[in-house]
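> What follows is the residue order along each chain.
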Amino acid sequence: MFLYDFSELTSSIHNSISSVMSPLATTVVEMVIAGIVFLLFYALVGLILVYAERKICAFFQCRLGPMRVGKWGLMQTIADFIKLLMKELIMIKNADKLLFNLAPFIVIIASFLAIGAIPFAKGLHALDFDIGVLYVMAVSSIGVLGILLAGWSSNNKYSLIGAMRSGAQVVSYELSVGLSLMTIVVLAGTMQFSEIVEAQNTGWFIFKGHIPALIAFVIFIISSTAETNRGPFDLAEAESELTAGFHTEYSGIKFALFFLGEYMNMFIVASIAATVFLGGWMPLHIVGLDSFNMIMDYIPPFIWFISKTAIIIFIMMWIKWTFPRLRIDQLLTLEWKYLLPINLVNITLMALCVLNQWHF
Amino acid sequence: MNIIIFYILAAVILIFSVLSVTSRRILRAATYLLFVLIATAGFYFLMEVNFLASVQLMLYAGGITVLIVFSILLTSNIDHKFEKSEIKKNIFSVLLVALGAGVSLSVLLNKTFNVKSNTEPVHVKKFGYALLNYGENGFVLPFEVISLLLLAAMIAAIMIAKKR
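Listed in order, the protein sequences are those of chains G and C.
Taking numbering that gives the first Met the number 0, the leading residue of the first sequence gets 0, the next gets one more, and so forth.
Taking numbering that gives the first Met the number 0, the leading residue of the second sequence gets 0, the next gets one more, and so forth.
Honestly, I wouldn't trust all of these hints.
The calculated EDC-like cross-link candidates involving lysine to aspartate or glutamate, where the alpha carbons are at most 16 Å apart (straight line), are [as the list claims (entries may be wrong)]:
id : chain 1 : residue 1 : chain 2 : residue 2
1  : C       : 125       : G       : 129
2  : C       : 124       : G       : 289
3  : C       : 124       : G       : 296
4  : G       : 156       : C       : 135
Not close to chain C: a few residues of chain G, all C-beta gaps over 12 Å, as computed [to be verified]:
id : residue
5  : 14
6  : 140
7  : 205
Some chain G residues near chain C, calculated using beta-carbon distances under 7 Å [what the hints assert, rightly or not]:
id : residue
8  : 17
9  : 30
10 : 119
11 : 123
12 : 126
13 : 129
14 : 134
15 : 137
16 : 157
Bear in mind the hints are in silico, worked out from the structure with no lab data behind them.
Even glycine gets a Cβ: it sits at the ideal position worked out from N, Cα and C.
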């Protein structure tokens, strides 16, 4: 049954392609198939997340949200998407056109590179490097360049200020994201995503690593919210002061790419949190309760992965719609004076736990 | 397949490094430099040295280029364009580049390389053990010396930035 193990499905696809084509053509065709699957996945997740964000925001503000298009407004984002596609692409006078057009693609390509390394289910995993965690951190650090280029090439003061803020923010919060993931790497003893998931067969890392893992999880949620430029850390696009920040001058599909990039980055950090802390596609197993574990195994891994990711996305949206936006000095104080020292102490604590076998 | 990707990456590196030094807009030059650095990481991925590739992406593409772009954002205006350099300077730099290329090519073409086929990809654990190994082939001394240097640089940066 491929719902429980995708490696059979992928290997049967591989065999059927390679039986009719040369190895070179097989590789090319498989690359194209993987690319199309990811593109479709992007469009689907983007549509769902935008709808979820609007609905959740509405419920937090005691509204109903979109209700007119389709049942409960389900078709609203599709209608919005068609509207965005038909908008005019405005060419800015005196803008650096090359960089202006390039910037959205850098953002979207960085998120594409990152999503390839995420294990969706058993065997449903495009890139499985031995340095998976480091790879995701490395490619997601390129995304900020797109924001910086967009802000500078728009020839607009709002955009420039937005880009500067975003640069300062992402560069500093990347440290916390990296260190909190490293805490779990110390516990797991590996950076390979598939091994990290397999190691959580006997219990998720957030339970195995108890106190240091819990601290790392909270820090990861805070700093990854900041790294994806979402509220309460959305200084880069603070509507009330900067119009729309770095993407003020963008219209039509180019704006849509930034918009999609933001939501996909949220999905990526949520799925990394789910994989590293909450076991990824691994069902909830409790050592000793064999019948309970059997029942949990009946739920397909893909469902486990998506529901864990959805819960973390909900927490991030909850944070966004309940907390007011921070000032830039508060933002940098939070990172450099609180999160970073806590993180450094925490990673030492985790090393002590692992050395003395204090974890489960 | 590998050969095709190798030539694509090599072409990207050559074209963008030339563009990076000839562009008259400073941020464009920085962006071209970014492409060169990413393509270099692509070479490492091609050689299956994933760790080095990720470090290249993280430090050079994600770190140093961001720093360069950030300082450009702080200092320069979008209308600013560099003047065309003098012909004398151009000729001199072409000569210098030709000399450098000649020296490296003569060394590279005269050396016979030991081609090892079917080598195993280097696992990241080996890097970790080698970095903290104080026995034979260990790198603990350079590792610690570099960390000391980094600490000194950080303290110096804080001292410069500190208000009196």
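> Confirm or reject each hint.
Verification of the hints:
For the given pair, residue 125(C) sits about 12 Å from residue 129(G) by alpha-carbon distance, which is consistent with the 16 Å threshold. For the hint pairing residue 124(C) with residue 289(G), the CA-to-CA distance comes to about 34 Å; that exceeds 16 Å, so the pair is violated. Under the criterion of a C-alpha separation no larger than 16 Å, the hint pairing residue 124(C) with residue 296(G) is inconsistent with the structure, at around 32 Å. Taken as a hint, the residue 156(G) and residue 135(C) pair is broken in the structure, with Cα atoms around 57 Å apart against an allowance of 16 Å.
Against the 12 Å criterion, residue 14(G) stays outside the reach of chain C, whose nearest CB is about 19 Å from its own CB. Its closest Cβ contact with chain C, about 3 Å, brings residue 140(G) to no more than 12 Å, contrary to its assignment away from the interface. The claim that residue 205(G) is not at the interface with chain C holds, since no C-beta of that chain comes within 12 Å of its own (minimum 24 Å). The beta carbon of residue 17(G) is not positioned within 7 Å of any beta carbon in chain C (closest approach about 13 Å), and the interface hint is therefore violated.
Because the closest C-beta pair between residue 30(G) and chain C is about 10 Å apart, greater than 7 Å, the hint is violated. For residue 119(G), the interface hint is violated, the least distance from its beta-carbon to any beta-carbon of chain C being 21 Å, above 7 Å. Given hint, residue 123(G) at the interface with chain C, is violated; its Cβ is 21 Å from that chain's nearest Cβ, farther than 7 Å. Interface hint status for residue 126(G): violated, as the beta-carbon distance to the closest one in chain C is roughly 10 Å, over 7 Å.
Because the smallest distance between the Cβ of residue 129(G) and any Cβ of chain C comes to about 5 Å, under 7 Å, the interface hint for this residue holds. Interface hint status for residue 134(G): upheld, as the beta-carbon distance to the closest one in chain C is roughly 5 Å, under 7 Å. Restraint check, residue 137(G) versus chain C: the minimum CB separation of about 4 Å is within 7 Å; hint holds. A distance limit of 7 Å between C-beta atoms decides the matter here; for residue 157(G) the minimum to chain C is near 14 Å, and the interface restraint is violated.
Hints 2, 3, 4, 6, 8, 9, 10, 11, 12, 16 from the earlier list are contradicted by this structure; the remaining hints agree with it.
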